[in-house]
Amino acid sequence: MSVMERRLIREASFGLTGKLWQISWFYVLLLCALASVGYMALYSAAGGSPEPFASKHILRFGFGLVLMLSIALIDIRVIARFSWLGYAGAVVLLILVLKMGHTGKGAQRWLNLGGMQWQPSELMKIMLVLALAHWFHKASWERMGNPLFLIPPALAVLLPVGLILKEPNLGTAVITGVVGASIFFGAGMRWWMVLLIIGIAVLALPLAYEHLHDYQRARITTFLHPESDPLGAGYNIIQSKIALGSGGMWGKGFLQGTQSHLNFLPEKQTDFIFTLLAEEWGLVGGLALMGLLATIIIGGLVMALICRNQFGRLVALGLSVNFFMYVLVNIAMVTGAIPVGGVPLPLVSHGGTAMLTVMIGMGILMSVHVHRDVDFGEERDQF
Amino acid sequence: MKRDTKRASIFTRRALLVGGAQLAALGGLAAKLYQVQVVEGARYTTLADSNRISARLIAPPRGRLLDRFGVPVAGNKLNWRALLIPEQTADVNATLDNFSKLVPLADHERARIEREMRRHRRFIPVTVREFLAWEDMASLEVNAPDLPGIVVDVGTTRQYPFGQALAHLVGYVAPPNEADMGGDTMLALPGMRVGRAGMERVHDKKLRGRAGAVQLEVNAVGRVIRELDRQEGIQGQDVQLTIDAGLQKAVIDRLGDESASAVVLDARNGEVLAMATNPSFDPSLFNSGVSQKQWLEWTRNRRAPLINKATSGLYAPGSTFKMVVAMSALEAKVITASDSVFCPGYLDFGDRRFSCWSKFGHGSMDLHGGLKNSCDVYFYEVARRTGIDRIAAMANRFGLAVPLDIELPGTRSGFMPTRAWRMAQGKAWNIGDTIVSGIGQGYMQLTPLSLATMVARIASGRAVQPHITRAIDGEALPGGKAEDWPSIGVSDHTLHAVREGMWAVVNEQGGSAPLARLDLPNMPNVQLAGKTGSAQVRNVTREQREHGYKSENGAWELRPNALFVCFAPYDTPRYALALVVEHGNAGAAAAAPIARDIMQDVLTRDPAARRDPPQRVADAAPIGSRIP
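Residue numbers (the working numbering), protein chains in the order written: chain V, 766 to 1148; chain Y, 6 to 633.
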């Protein structure tokens, strides 16, 4: 059976039921498992009670699940068509947040929309992935060799990164940049350009440090010498490491974490939820959770690999890298491997908008998978 | 499609590369996690424990002070307190209003409670009221539902069962100040007290005890979650005193309203059986802090209730000093007991005339008659012949104007003039000064305790030192036996002559202190030997005397002090007593009857011979009941 034939069959039988069959229910199961770990951790964070975190968490996840499945059924070609519109909308929101956003913890990141606190930078990353994938969707290998072709998408990355830096939110800005770069890489950017960009980034580091805000520099200093200020900026890192270290190999047991239950651990229900888990369940529990997260990340890459259109491939790659970056930054932060920076652990940390944006991203990933064989029409170079 | 194949294969390669990089990064994180959780785990476990475990000290109960029979004179009693935990009530004011309906709270108490609440976190208990009565406790318990946030707990507080009677000797405790804190963190505990005066201060370190410790699990803001381990403190050591508390109480009662001081010693070993000072104060007031008003009342009182007159009051000894003059003369062989001096009622020396208390004179006086009649002229002449330095040396030997081994802080030695002292002042010693010293007047200043020591040494012939501590933690200190003390080094002949004279003062027809004669039907053969003293506190001129000046009509502060020193039984001396009645006018009239009553009580109780207190102290003849 030729590819054409299979595609035709797919198109013919592509009703609602067919699409539901194409959803990777195994992947949905993995996400449910992750959200359940979150429920358990938040139950413990509240001192052994579903209130105020865990019950809300699972409710939001339920809502997110419906949203995700709905998005999964939307034709990926429709999503592709509106990707630049979404990008533009996200940029507008980013500018709005700078103009009239709500300040929290020293940074202007939050926008009050419909009674909820939104962080537009989260949405921005997804829209950037879609926009870049759309740009590269029809780019041939030869086209990718032309640096001029890469300038507009590069600007499309730098604009939101600059806006997010201005909030200021260094962590998200870096993640946004890395997610954008991953799409350039997947789309076939030449190696010499990849190495050149890495080189420029390394050389620009000292310059960037000069322009950091005081609190960001404090975080870096603290990271390098956490013991220099044990009750001030270094407190979070030290307490998190104490919690992890005292958990040991097997942990202190469910609801037995002294560091988190006696409030020595800051922000235990949000940024430091991984610490709480690893304190109570030990290295074994921590590695198990990392295994689950790795499966979800690699699962996203597998969906990218088996997708038969360039747009879908790049979107799946970008979303997988985005999820990976959350996990990497969060866990590296709580283990003291990188400076602290307000990044939640997806589907585990307490927080409504983070959950929602993750589920939107997952919905798009599902849609890529469901529509992996759809015909995008004849592929040709633009311009 | 060829183009797509090329792009797809490049994408596949690069996606696998990204996946590999991601797995490698996660592997790196796993390694980091392993390092923190397993390799450095032990160190962080210790840190986690030091985070959550807070060791706190528990105040140990203070050791007791006991009298010679084991009766507590300073103990601990339970202190029921009502505490308020602000966070446990929705409305602090409503709770306090309800509390006020049961146990009224003054406005200043409300103000203090609110001040303390502002200063502490809301889970720290604030003391609402201490020293709750049993009925108050009961009504608080019954009404507990209306009193959210109110907790009743129990601590200990210092109690002085004999109160004012032993205030100067036992002393008192007070909350520690900054200077006390140095080095001893235990003192920072709530409820800890330090001894500020008397034996509480002398034995403070031993009475304090050792703090216990409790290990508490606390959270990041210091709230106690639960108790992990508890080691009770070690109570301070009990200190046993030589005092007979029952006797002390009786002595204080007998002193009545007089501004007076009495010291009773065991003459054979120097044990202080009673040391009473009137007026006194309530030592428990210092426990919680003395009010400004109370303090002014004490310090402005001319009878000085805060001063321990027995050890710090300085008085001219008057005629009670005559035994020392006699002994110095006999030992220096200046006179013999039978040498006589003629008393015409005065002694003229140079251009000064020294009057005898009897202006009619006593006629020919030997030592016996001189002491019995307290003839001033006899002792003027004996002192003149002996010289001040030999008198002073003998006074020192009998414990006068030398530091004594008494433990009490603030004890003064007194003062005895010598030629050397006068020369150091750049002045010549006058024989006239020696002459007035012969009757215990002039420059000399002595304490009641030193006079009691003098009598004890005369009575026992041993150089006993007065002391108050008998045993610490059940272990007796040396000095309890007569053999512990060396001989005074004065010939028996001399001692006997002086004792015999003191006996005559009380028991012979025409003696100067007939009111001091014992009247104990159960002990008809027991006799008391003593000596009166009436020491002027101002000069009375001859004109005043001739114009019929009577000091008892003058202002209280200007009247002579009345003194009496004595020992009993005469033939087997056991108890020594010194008594000073401030501005009592005449020793024979004001001091002797009180001394007699006290000594009768001492002999009846016989504390030195007993191992237990009298079974029915209340039934023992009340002191002074036999005064006709």
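In short, the hints are calculated from the structure, not lab data.
Even glycine gets a Cβ: it sits at the ideal position worked out from N, Cα and C.
Among these hints, one or two may not hold up.
Claimed, not checked - With a straight-line cut-off of 20 angstroms between C-alpha atoms, the simulated DMTMM-like cross-links for lysine to aspartate or glutamate are:
(1) K298/Y x D151/Y
(2) K11/Y x E975/V
(3) K106/Y x D151/Y
(4) K486/Y x D438/Y
(5) K931/V x D979/V
(6) K210/Y x E907/V
(7) K11/Y x D979/V
(8) K210/Y x D478/Y
(9) K106/Y x E135/Y
Said to hold, decoys possible - Pairwise CB distance ranges (calculated):
(10) Q240/Y x R982/V: 54 to 60 angstroms
(11) E816/V x V229/Y: 43 to 49 angstroms
(12) A973/V x V226/Y: 54 to 60 angstroms
(13) A184/Y x L970/V: 57 to 63 angstroms
(14) A973/V x A225/Y: 31 to 37 angstroms
Claimed, not checked - Here are some chain Y residues the structure puts well away from chain V; computed CB gaps all over 12 angstroms:
(15) L22
(16) Q27
(17) R48
(18) I63
(19) W85
(20) A95
(21) D102
(22) D151
(23) E222
(24) A225
(25) N306
(26) E336
(27) F359
Evaluated hints:
Restraint check for K298/Y and D151/Y: not satisfied, since their Cα atoms lie roughly 37 angstroms apart, outside the 20 angstroms limit. Between the alpha carbons of K11/Y and E975/V the distance comes to roughly 43 angstroms, so the proposed pair goes past 20 angstroms and is violated. Distance check on the hinted pair: K106/Y and D151/Y sit about 11 angstroms apart at the alpha-carbon level, within 20 angstroms; holds. Note on K486/Y and D438/Y: the hinted pairing is violated, with a Cα-Cα distance of about 40 angstroms set against a maximum of 20 angstroms.
A distance of roughly 14 angstroms separates the Cα atoms of K931/V and D979/V; the hinted pair therefore holds under the 20 angstroms criterion. Of the pairs offered as hints, the one joining K210/Y and E907/V is violated, with about 94 angstroms between alpha carbons and a cut-off of 20 angstroms exceeded. A distance of roughly 48 angstroms separates the Cα atoms of K11/Y and D979/V; the hinted pair therefore is violated under the 20 angstroms criterion. Pair hint K210/Y plus D478/Y holds up; C-alpha atoms about 13 angstroms apart against a cutoff of 20 angstroms.
With a C-alpha separation of about 17 angstroms, the suggested pairing of K106/Y with E135/Y holds against the 20 angstroms cut-off. Distance hint for Q240/Y and R982/V: a CB-CB separation of about 57 angstroms, consistent with the stated range 54 to 60 angstroms. Roughly 24 angstroms separates the CB atoms of E816/V and V229/Y, a value that falls outside the hinted 43 to 49 angstroms. Remark: the range hint 54 to 60 angstroms for A973/V to V226/Y is contradicted by a beta-carbon distance near 38 angstroms.
With their beta carbons about 58 angstroms apart, A184/Y and L970/V fall inside the hinted range of 57 to 63 angstroms. The hint said 31 to 37 angstroms for the Cβ distance between A973/V and A225/Y, and at roughly 35 angstroms that hint holds. Taking the minimum C-beta to C-beta distance to chain V, about 8 angstroms, the non-interface status of L22/Y is violated against the 12 angstroms cut. With a minimum CB-CB distance of about 5 angstroms to chain V, Q27/Y fails to clear the 12 angstroms threshold, and the non-interface call is violated.
Distance check on R48/Y: its Cβ comes as close as 7 angstroms (rounded) to a Cβ of chain V, failing to clear the 12 angstroms threshold; non-interface status is violated. Under the 12 angstroms C-beta cut-off, the non-interface status given to I63/Y relative to chain V holds; the minimum distance is some 22 angstroms. Every Cβ of chain V is farther than 12 angstroms from the Cβ of W85/Y; the closest lies at roughly 32 angstroms, confirming the non-interface assignment. At roughly 20 angstroms, the least C-beta separation between A95/Y and chain V is larger than 12 angstroms, which holds for a residue marked as non-interface.
Look at D102/Y: its CB is around 33 angstroms from the nearest CB on chain V, clear of 12 angstroms, so calling it non-interface holds up. The claim that D151/Y is not at the interface with chain V holds, since no C-beta of that chain comes within 12 angstroms of its own (minimum 30 angstroms). Remark: the non-interface label on E222/Y conflicts with the geometry, its nearest Cβ contact in chain V lying 7 angstroms away (cut-off 12 angstroms). For A225/Y, the requirement that its beta carbon stay farther than 12 angstroms from each beta carbon of chain V is not met, with the minimum near 4 angstroms.
With 12 angstroms as the threshold on Cβ separation, the claim that N306/Y sits away from chain V holds: the shortest Cβ distance comes to roughly 55 angstroms. Non-interface status of E336/Y relative to chain V is upheld: no Cβ of that chain comes within 12 angstroms, the nearest being about 78 angstroms off. Residue placement check: F359/Y keeps its beta carbon more than 12 angstroms from all beta carbons of chain V (closest about 83 angstroms).
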